[in-house]
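If you want the building blocks of each chain, they are given just below.
2 protein chains.
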Amino acid sequence: MASPDSPVADLAIVNCTALIDTSAGRARFAPDTTITIDQGRFVSIDTHPEGAPAAREVIDARGMVAMPGLINTHCHAAMTLFRGAAEDVAVTNWFNDYIWPMEVNVGERDVYLGTLLAAAEMIECGVTTFADHYFFMEQAAAAVMTSGLRANLGSAFFSSQGPVGLAASVAFAEEWNGRADGRITTSIAPHAPYTVSDDDLVGAAEAATRLGVKVHTHAAEDIVQTNKSLASRGITPIDVLDRTGVLEAGCIVAHGNGIVPGDIPLLAKWRDRVGVTHGPKGYLKFALGPLTPIMDLTAAGVPVGYCTDGAASNNTLDILENMRVTACLQKQIVDDATWFTSGTALHMAGPGSAAVLGMKGQIGELRQGAAADVILVDLSGFHCQPLHDIAAALAYSVQPTDVRTTIVDGRVLMRDRELLTIDRTSLLAEFRERARWITDRSHGRTIQDYTAH
Amino acid sequence: MASPDSPVADLAIVNCTALIDTSAGRARFAPDTTITIDQGRFVSIDTHPEGAPAAREVIDARGMVAMPGLINTHCHAAMTLFRGAAEDVAVTNWFNDYIWPMEVNVGERDVYLGTLLAAAEMIECGVTTFADHYFFMEQAAAAVMTSGLRANLGSAFFSSQGPVGLAASVAFAEEWNGRADGRITTSIAPHAPYTVSDDDLVGAAEAATRLGVKVHTHAAEDIVQTNKSLASRGITPIDVLDRTGVLEAGCIVAHGNGIVPGDIPLLAKWRDRVGVTHGPKGYLKFALGPLTPIMDLTAAGVPVGYCTDGAASNNTLDILENMRVTACLQKQIVDDATWFTSGTALHMAGPGSAAVLGMKGQIGELRQGAAADVILVDLSGFHCQPLHDIAAALAYSVQPTDVRTTIVDGRVLMRDRELLTIDRTSLLAEFRERARWITDRSHGRTIQDYTAH
Chain V
233 MASPDSPVAD
243 LAIVNCTALI
253 DTSAGRARFA
263 PDTTITIDQG
273 RFVSIDTHPE
283 GAPAAREVID
293 ARGMVAMPGL
303 INTHCHAAMT
313 LFRGAAEDVA
323 VTNWFNDYIW
333 PMEVNVGERD
343 VYLGTLLAAA
353 EMIECGVTTF
363 ADHYFFMEQA
373 AAAVMTSGLR
383 ANLGSAFFSS
393 QGPVGLAASV
403 AFAEEWNGRA
413 DGRITTSIAP
423 HAPYTVSDDD
433 LVGAAEAATR
443 LGVKVHTHAA
453 EDIVQTNKSL
463 ASRGITPIDV
473 LDRTGVLEAG
483 CIVAHGNGIV
493 PGDIPLLAKW
503 RDRVGVTHGP
513 KGYLKFALGP
523 LTPIMDLTAA
533 GVPVGYCTDG
543 AASNNTLDIL
553 ENMRVTACLQ
563 KQIVDDATWF
573 TSGTALHMAG
583 PGSAAVLGMK
593 GQIGELRQGA
603 AADVILVDLS
613 GFHCQPLHDI
623 AAALAYSVQP
633 TDVRTTIVDG
643 RVLMRDRELL
653 TIDRTSLLAE
663 FRERARWITD
673 RSHGRTIQDY
683 TAH
Chain P
233 MASPDSPVAD
243 LAIVNCTALI
253 DTSAGRARFA
263 PDTTITIDQG
273 RFVSIDTHPE
283 GAPAAREVID
293 ARGMVAMPGL
303 INTHCHAAMT
313 LFRGAAEDVA
323 VTNWFNDYIW
333 PMEVNVGERD
343 VYLGTLLAAA
353 EMIECGVTTF
363 ADHYFFMEQA
373 AAAVMTSGLR
383 ANLGSAFFSS
393 QGPVGLAASV
403 AFAEEWNGRA
413 DGRITTSIAP
423 HAPYTVSDDD
433 LVGAAEAATR
443 LGVKVHTHAA
453 EDIVQTNKSL
463 ASRGITPIDV
473 LDRTGVLEAG
483 CIVAHGNGIV
493 PGDIPLLAKW
503 RDRVGVTHGP
513 KGYLKFALGP
523 LTPIMDLTAA
533 GVPVGYCTDG
543 AASNNTLDIL
553 ENMRVTACLQ
563 KQIVDDATWF
573 TSGTALHMAG
583 PGSAAVLGMK
593 GQIGELRQGA
603 AADVILVDLS
613 GFHCQPLHDI
623 AAALAYSVQP
633 TDVRTTIVDG
643 RVLMRDRELL
653 TIDRTSLLAE
663 FRERARWITD
673 RSHGRTIQDY
683 TAH
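If you read the protein sequences in the order shown, they are chains V and P.
Counting from 1, position 430 in the first sequence corresponds to residue 662 in the numbering used here; the numbering is continuous, with no gaps.
Counting from 1, position 401 in the second sequence corresponds to residue 633 in the numbering used here; the numbering is continuous, with no gaps.
So that you can see chain V by itself, here it is in the shape it has in the complex:
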């Protein structure tokens, strides 16, 4: 029992089964645990609580698993507007015939609405942090503030925009880093080595170093890009990032399906500051060929995290789904049913994905002092029963709606499936109205060309 003069915490979660460790390919859970949270941080993860905690709010999580909030290491949140608008097409057509012409239509309000809808979707499936790479990022930041999520935001640019592209990306990163009580961090966000010049990559790396942020960029997205780079300039996209100083500055690499063996040492050299994002659902839909070499990257100590990319390619922003598809696929790809255990899958969701964003120890773990980003998952549904293996239930059985409660920075954003920061009806009404004309391509214009690289 807490004594009358114990410090009173903001929030306590009692009676939960807590995911307390995922190292060494095994997940360890502690039953009957009490988690206390104050001022946005975990005060204690008490696996042998004595009596009731002293807290202003207490959530009884009996029958639920408490686990670190999920991390989406790379997305284009506002592209929810284009969900389903470019289906069953190859990646070249997807860009040139659909997405880049449609993106001509995207304005500031669209980015706010698209990002806010993405935030609602992510809160509903247990994502507490996302790394976003898009345009009009002040609007994305506004949606982050409205929603209460944590995010790393990068203002995307092409060198075709001229010097203003890089400059605006740097200005955004400088202005917004640390905002929203620290929930917003930033990156410099060149689109990709095939749309951004080496000079601009050098500039991005220098600015990132100066500001203490990362570069967030697409690179070696598939083996075709790698082969084109080798053919046109004799080096891989990862080598381009190395030679321009981007890796040394620290980099979030999306998506790296085209990472070849020679790239691994380059990435390993900077593994304390470089990570690779992996969202296999969309890669399969695009028939991209070989996938991110997770086993080789992991062996070299390079962090890999889950991502959903945008809803225009991945359809959902569901990290649980991408974790599950990754876990299934990795066994098949490596031809070993004992590799990539449920514990490994959960480790990549927590510390692994946190490391990709340079936030290891800050998020992705239920650990004293870390940011209090935690979700409560109900495993009592038929589809999870019986609970012979909790980690397997989380990796292979759980449904998005089993996430009952989502907490970021100690603030409850969803309580028992009720969103507390976003009004469903008004958001959907305005979002649907904008989505009606966002797919118009009759103007004949485009923002970029994919075939030239």
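Don't take each hint at face value.
It does not matter which identical chain is used: a pair holds within one copy or between any two.
Below 25 Å or equal to it, Euclidean Cα-Cα: the simulated SDA-like pairs (lysine to any residue) are [said to hold, decoys possible]:
(1) Lys501 x Thr530
(2) Lys460 x Tyr330
(3) Lys460 x Arg666
(4) Lys501 x Asp264
(5) Lys460 x Asp242
(6) Lys501 x Met377
(7) Lys460 x Asp568
(8) Lys460 x Glu406
(9) Lys592 x Arg411
Because the hints were derived from the structure by calculation, they are not lab data.
These numbers come from a predicted model, not from an experiment.
Got chain V sorted already, so can you dock chain P onto it with the hints?
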């Protein structure tokens, strides 16, 4: 408006968007449709209804898609008891070290409980028909009757049981075919060509022909099985089924990942009565190597349907999930993002899976005269919005809980997520209690050996 003397139907679904056709790789939906159901069959799918239908019960499905109930073409329903009990192991260890020793513990009540829990799980995710292949099938039949689902039931046997195995399988098929107002159909269910003798396969085929049912068996589950068969007897497992008359009798083939090019003409010859079940989630988890050659089978006119196998390998009984994984994987495997469209995915879920069970035209379509198995799916969630492409939403975005209402044979089994035929609390209580000791392997016995084949 229905006139006062119109015939009064049992049930009408009004204001739905109906999936009315999936041929030629495209899904067609009709808005504002009224579906009327009487005596377990669709009376009309009225895409231009005039006025309110005359029906004893009317369900307003505004904002929902009505689509054919999903079909699980191969499972071992009662194995829900073993969900999560044999994770991250190769298939040989899975059988020999876990499943077959644990199955020593399975008794009649376990099969009832395991199947009823499976039924509850399937109703919740929109499955209306399942093909089951297990033991104590009278108990599975009882669970089918309790739940209200439709099922094709086969009593599994090994030749190691002696003549009683086949005889019992035949007796079950004869006794139970057509029961439960026709919702139960049956199969003869030899386990596999590597555990059942050719003589018993011949006997199974003869009995199936006599009874007008199919043989339901595992064959060519992976390329290893095919290669072992080729090495030990010079012919493939599919060829064994052909030579023993099983294909001619009609056969549900699970899982066919080891089907080789030379097998295709054998299957194509009997394509009016043979189909292949496909449940990729479990295959990936087992790292089974090449997957069912869906493109080749489809080109040869051989039906392919979705399945979940048992929850001990697949973890869930979610056909939507296996449809989604199949759709993603097929593009990647065939190296063509334009193949296996959302429409194709939905076609395989409906007429394709129905054909595997020999029930094309009877289930799997919203069509006048067909069995009234229909589900209502809510696409208003954030993760499905905006609805630029309804088929893509169903194939790639929808969550199990978006299935709001499940109807079998015109009877509502789940209404707005409330199960009407199964009591959740009492089922879970007894199921969990049995599941506690079902995994005991201390007895040192087993029901079969996998390594010898």
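Checked hints:
1. Lys501 x Thr530: within (13 Å within a copy, 48 Å between copies)
2. Lys460 x Tyr330: within (22 Å within a copy, 48 Å between copies)
3. Lys460 x Arg666: neither (37 Å within a copy, 59 Å between copies)
4. Lys501 x Asp264: neither (42 Å within a copy, 60 Å between copies)
5. Lys460 x Asp242: Result: close neither inside a copy nor across copies, 54 Å intra and 63 Å inter.
6. Lys501 x Met377: Neither: 36 Å inside a chain and 63 Å across chains, both beyond 25 Å.
7. Lys460 x Asp568: between (32 Å within a copy, 19 Å between copies)
8. Lys460 x Glu406: Cα proximity of Lys460 and Glu406: none, with 34 Å in one copy and 63 Å across.
9. Lys592 x Arg411: For Lys592 and Arg411, only the intra-copy Cα distance (20 Å) is at most 25 Å; the inter-copy one is 59 Å.
The structure fails to meet hints 3, 4, 5, 6 and 8 from the earlier list, while all remaining hints are met.
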